[in-house]
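Novice: The lines below spell out each chain.
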Amino acid sequence: MADVTMRQQPAVSTRSAIGVERLSKHFHGATADLWALHEVNCTVQAGEFVALVGESGCGKTTLLRLIAGLDTPTTGRVLLGNQVVQGPRREIGFVFQHPVLLAWRTVLDNVLLPVELTRQSRPEARQRAFELLTLLSLRDFAGHRPHQLSGGMQQRVALARALLLHPSVLLMDEPFGALDAITREQLNLELLKMWHHDEQTVVFITHDITEAVFLADRVLLMSRRPGTIAHTFPVPLPRPRTLEMRFERRFTDLCHAIHQAMGLLQQGALYAD
Amino acid sequence: MQIEPPPLLYLQTPQRQRRGRERLLSLVLLLTVLAAWYGLVQWRRLPPLVLPLPTAVARALVQNLLDGFLWPHLWVTLSEILLGFLGGSSLGIGLGSLVALAPLAQRVLNPYIIASQAMPKLALAPLFVIWCGFGIAPKALIAALIAFFPLFENTLTGLSTVDTETLDLFRMLGASHWQVFRKLLLPNAVPYLFAGLRVAIVLSVVGAVVGEYIGANKGLGALIMASQGMMDTTLMFAVFIVLTLVGIILYQFIVYCERLVLNRRARIVPMRTP
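These protein sequences, in sequence, are chains A and B. Reminder that position 156 of the first sequence reads as 156 in the numbering used here, one-by-one numbering, no gaps. Reminder that position 138 of the second sequence reads as 138 in the numbering used here, one-by-one numbering, no gaps.
Since the hints were made in silico from the structure, they are not lab data. Be aware that a few hints might be false.
What the hints assert, rightly or not - Covered, in the sense of this in silico footprint (three residues per stretch, anywhere, with C-beta under 8 Å from a C-beta of chain A), are these stretches of chain B: (1) 164–175; (2) 261–270.
Claimed, not checked - Result set (SDA-like, lysine to any residue): computed pairs, CA atoms no more than 20 Å apart in a straight line: (3) B:Lys218 to A:Arg122; (4) B:Lys218 to A:Leu117; (5) B:Lys183 to A:Val115; (6) B:Lys218 to A:Thr118; (7) B:Lys183 to B:Val199; (8) B:Lys183 to A:Leu165; (9) B:Lys183 to A:Gly143; (10) B:Lys218 to A:Ser137; (11) B:Lys218 to A:Ile182; (12) B:Lys183 to A:Leu164; (13) B:Lys183 to A:Lys193; (14) B:Lys218 to A:Ala125; (15) B:Lys183 to A:Arg126; (16) B:Lys183 to A:Arg225; (17) B:Lys183 to A:Gln120; (18) B:Lys183 to A:Glu116; (19) A:Lys193 to A:Thr210; (20) B:Lys218 to B:Met236; (21) B:Lys183 to A:Leu117; (22) B:Lys183 to A:Ala125; (23) B:Lys218 to B:Thr234; (24) B:Lys183 to A:Thr210; (25) B:Lys183 to B:Arg267; (26) B:Lys218 to A:Pro146; (27) B:Lys218 to A:Gly143.
The beta-carbon is built from N, C-alpha and C at its ideal position, and this holds for glycine as well.
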């Protein structure tokens, strides 16, 4: 059975680039029709960590869902490696805004869900799941239920689940937005640690500029609706990143620049109205 | 000077002690009601035909249980309840799933399902007697019709109450329709199913007894009709008590199963690293 799915979705190389070409998305709402995205073009290099920032409602999530194949674009296309994305693929790991854990399963069984749905061999996956849980300091909670964990721990479980099948691409939709600042710092460091391990291609949505700069190789700033990529900011900080870097001049300068650009976008939109 | 907070008596009492006290209060309430009943009958000199003494009811109950008079009736009614409950709830779960999962089925079936519920099912009882005679079948049928609806509704709700993010997760993981049903929708619906079963079991008792009122020669409902004919109100009260106990025991059995399943879901599983 596993072979059939593999043939339907040929595996792209372990690391694959994302190409977004003239992507637009139109929604027919109950009250109003709207263009969520308009002619978005961007590329993400294989193994690159890109953060997507923009004010809420600018179409960040829509863009991410199109890349994931969860929605279909109105015009344009998304390329993964050299294939057009036409639907959800297993080589993409997706981390949602909420942990989205199944309440009736243990932490371990939640992490193992992806492999259970592919009907692949189990013992190997179990080993991998325990490795991930250990890396995310959740090993002692493997037998717990989601409701017994804190918000940060739940989101770590979601991260482990997304990483279980060695995805070549990791898409994260404001995964740490609901967490407190200290937990978020901790999870940012852990995310980078996991990323250094496998070097997936990552697209990370956030509305927190500091978080974006801290994590990413490049920060893409989206304009107001209909969303487009308004600016690209390369992050000139060395890796591995440390929490102290956030107080360095070049870090704060970059944050400031992004913040100003965001403000200009808002003003521009105000005048346009 | 230190100000002592007022003692919260309720919170300070150990739980077990508190529960014991609550049980005692329940018992006191029961005894009070029985005493008032006894007092009322004696004071107004009510004839046993109108209201028998609680002591007479207890005596009739024990005697009819001991000499084996009640058991065959109890057995018949119990079979009707259980047959109706099992049949009705299976049908409710089945059709509920079909309607929840197939939008076409929903559009085709929904008006008729609602119509079938809007019509008073007990009104059908005489028809069922014509069709199926005076045996167990027509009563089980009525019980099944009544037990159907809570399970249909709750299955439908339980299977539809899944947030879109979780559905997206399953889509991302390439789950088949069957996997979404088996691993997400169904386990998610379990608490709803149990809530439906709890309502359905109690309604099945009503269905079976009322069915027996229409036409039956055996069963607790038939016995109530017979005692009315014999003007034996004391026996009637004894049967009421048996019926109440049957309802309570069946209900508690469902609650017990529910706890078993839900506790299993909440338990921490000890795990060793491979």
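Novice: Hint by hint, which ones does this structure get wrong, listed from lowest number up?
Specialist: Going through the list in order, the structure violates hints 3, 4, 6, 7, 10, 11, 13, 14, 16, 24, 26 and 27 and respects the others.
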